[in-house]
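A.B. asks: Below are the chains, spelled out letter by letter.
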Amino acid sequence: GAGVSQSPRYKVAKRGQDVALRCDPISGHVSLFWYQQALGQGPEFLTYFQNEAQLDKSGLPSDRFFAERPEGSVSTLKIQRTQQEDSAVYLCASSWNRGRTDTQYFGPGTRLTVL
Amino acid sequence: KQEVTQIPAALSVPEGENLVLNCSFTDSAIYNLQWFRQDPGKGLTSLLLIQSSQREQTSGRLNASLDKSSGRSTLYIAASQPGDSATYLCAFNAGNMLTFGGGTRLMVKP
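Just so you know, the sequences run in chain order A and B.
Under this note's numbering, the first residue of the first sequence is numbered 1, with each subsequent residue one higher.
Under this note's numbering, the first residue of the second sequence is numbered 116, with each subsequent residue one higher.
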């Protein structure tokens, strides 16, 4: 079946612009995660949803970052007033149930470049 | 806070060699660990997942082990091939999120 998909794959934004990144998880997966990966580093956790509920947003770096999953499937990560330090690859992952014991399946990522 | 370290950061080997990638962590209270492969410009592909109650998992030429008492995991790749060239990441699940190491960049030369 289809894997996790993300769009756009690449996004270039001018400093100060707002951006929205989309994630389509594997159909039926309850848990959805967002991670940020800076160049040459491992991914870092941003936020976690179980169905439509955002249960953990401890990794969001500032209040400019906002994520939602209103119907428990597709999720959007929004970054307001982008800064150069926001440049990174944003990865989305989903898993079958509560995420603690299941494999997380990752999408291809969205590479954000802020000029 | 869980910290994950991967050694070496980069590795270059000739084709056919057996190799070991190392991963160490600071908190033994984990649910599981996963080893991932990441190709340049691509997402992460899950290779192996070891639950905290398990000691190892095998898939083809790959074998991953987990020793919670020493805070270590290893990924063993047998008979390496040029197609194995990629970045390998280990990640620990101690809650709802994965905590990743910095990765080992592997180059297998023909």
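No lab work stands behind these hints: they were computed from the structure.
Be aware that one or more of the hints could be misleading.
Straight-line distance between alpha carbons at most 35 Å, and here's what the computed DSBU-like set of lysine-lysine pairs gives [claimed, not checked]:
#, chain 1, residue 1, chain 2, residue 2
1, B, K224, A, K11
2, B, K183, B, K157
3, B, K224, A, K57
4, A, K11, A, K57
5, A, K14, A, K78
6, A, K57, A, K78
7, A, K57, B, K157
8, A, K11, B, K157
9, B, K157, B, K224
10, B, K183, A, K14
11, A, K11, A, K78
12, B, K157, A, K78
According to the in silico footprint, chain A covers these stretches of chain B (three or more CB under 8 Å from chain A) [stated by the list, open to error]:
#, region
13, 135 to 144
14, 181 to 193
Which chain B residues face chain A? A few, computed with CB under 10 Å, are given here [said to hold, decoys possible]:
#, residue
15, P123
16, N147
17, Q149
18, T160
19, T173
20, S174
21, G175
22, R220
For every residue, glycine included, the Cβ atom is placed at its ideal position computed from N, Cα and C.
A.B. asks: Run every hint past the structure and note whether it holds.
C.D. replies: To see whether the hints hold, each was checked on the structure:
1. Restraint check for K224 of chain B and K11 of chain A: the C-alpha separation of about 34 Å stays at or below 35 Å, so the hint holds.
2. For the given pair, K183 of chain B sits about 30 Å from K157 of chain B by alpha-carbon distance, which is consistent with the 35 Å threshold.
3. Between the alpha carbons of K224 of chain B and K57 of chain A the distance comes to roughly 42 Å, so the proposed pair goes past 35 Å and is violated.
4. The suggested pairing of K11 of chain A with K57 of chain A holds, with an alpha-carbon distance near 23 Å, which does not exceed 35 Å.
5. A hinted pair counts as satisfied when its Cα atoms are at most 35 Å apart, and K14 of chain A with K78 of chain A qualifies at roughly 15 Å.
6. Taken as a hint, the K57 of chain A and K78 of chain A pair is honoured in the structure, with Cα atoms around 13 Å apart against an allowance of 35 Å.
7. Distance restraint check for K57 of chain A and K157 of chain B: the Cα-Cα separation of roughly 25 Å lies within the 35 Å cut-off, and the hinted pair is therefore satisfied.
8. At most 35 Å may separate the alpha-carbon atoms for a hinted pair to count; K11 of chain A and K157 of chain B meet this at roughly 15 Å.
9. The suggested pairing of K157 of chain B with K224 of chain B holds, with an alpha-carbon distance near 21 Å, which does not exceed 35 Å.
10. Among the hinted pairs, K183 of chain B with K14 of chain A is inconsistent with the structure: their alpha-carbon atoms are about 46 Å apart, more than 35 Å.
11. Distance restraint check for K11 of chain A and K78 of chain A: the Cα-Cα separation of roughly 13 Å lies within the 35 Å cut-off, and the hinted pair is therefore satisfied.
12. Only pairs whose Cα atoms come within 35 Å are accepted, and K157 of chain B paired with K78 of chain A is accepted, the gap being roughly 21 Å.
13. Coverage of the region 135 to 144 of chain B by chain A is violated. Counting CB-CB distances below 8 Å, 0 residues qualify, and the rule asks for three or more.
14. With 0 residues carrying a beta carbon less than 8 Å from a beta carbon of chain A, the region 181 to 193 of chain B misses the three-residue requirement, and the given coverage is violated.
15. Taken as an interface hint, P123 of chain B does not check out: its beta carbon lies about 14 Å from the nearest beta carbon of chain A, beyond 10 Å.
16. Taking 10 Å as the C-beta cut-off, the interface hint given for N147 of chain B holds, the closest approach to chain A being about 6 Å.
17. Because the beta carbon of Q149 of chain B sits about 7 Å from the nearest beta carbon in chain A, less than 10 Å, this interface hint is met.
18. For T160 of chain B, the shortest C-beta to C-beta distance to chain A is roughly 8 Å, which falls under 10 Å, so the interface hint holds.
19. Proximity of T173 of chain B to chain A is violated relative to the hint, the smallest CB-CB distance being about 16 Å (cut-off 10 Å).
20. A hinted interface residue such as S174 of chain B counts as satisfied when its beta carbon comes closer than 10 Å to some beta carbon of chain A; here the least separation is about 12 Å, so the hint is violated.
21. Restraint check, G175 of chain B versus chain A: the minimum CB separation of about 17 Å is more than 10 Å; hint violated.
22. Interface hint at R220 of chain B: satisfied, since its Cβ lies 9 Å from the closest Cβ of chain A, which is below the 10 Å cut-off.
Comparing the model with each earlier hint shows violations of hints 3, 10, 13, 14, 15, 19, 20 and 21; every other hint is respected.
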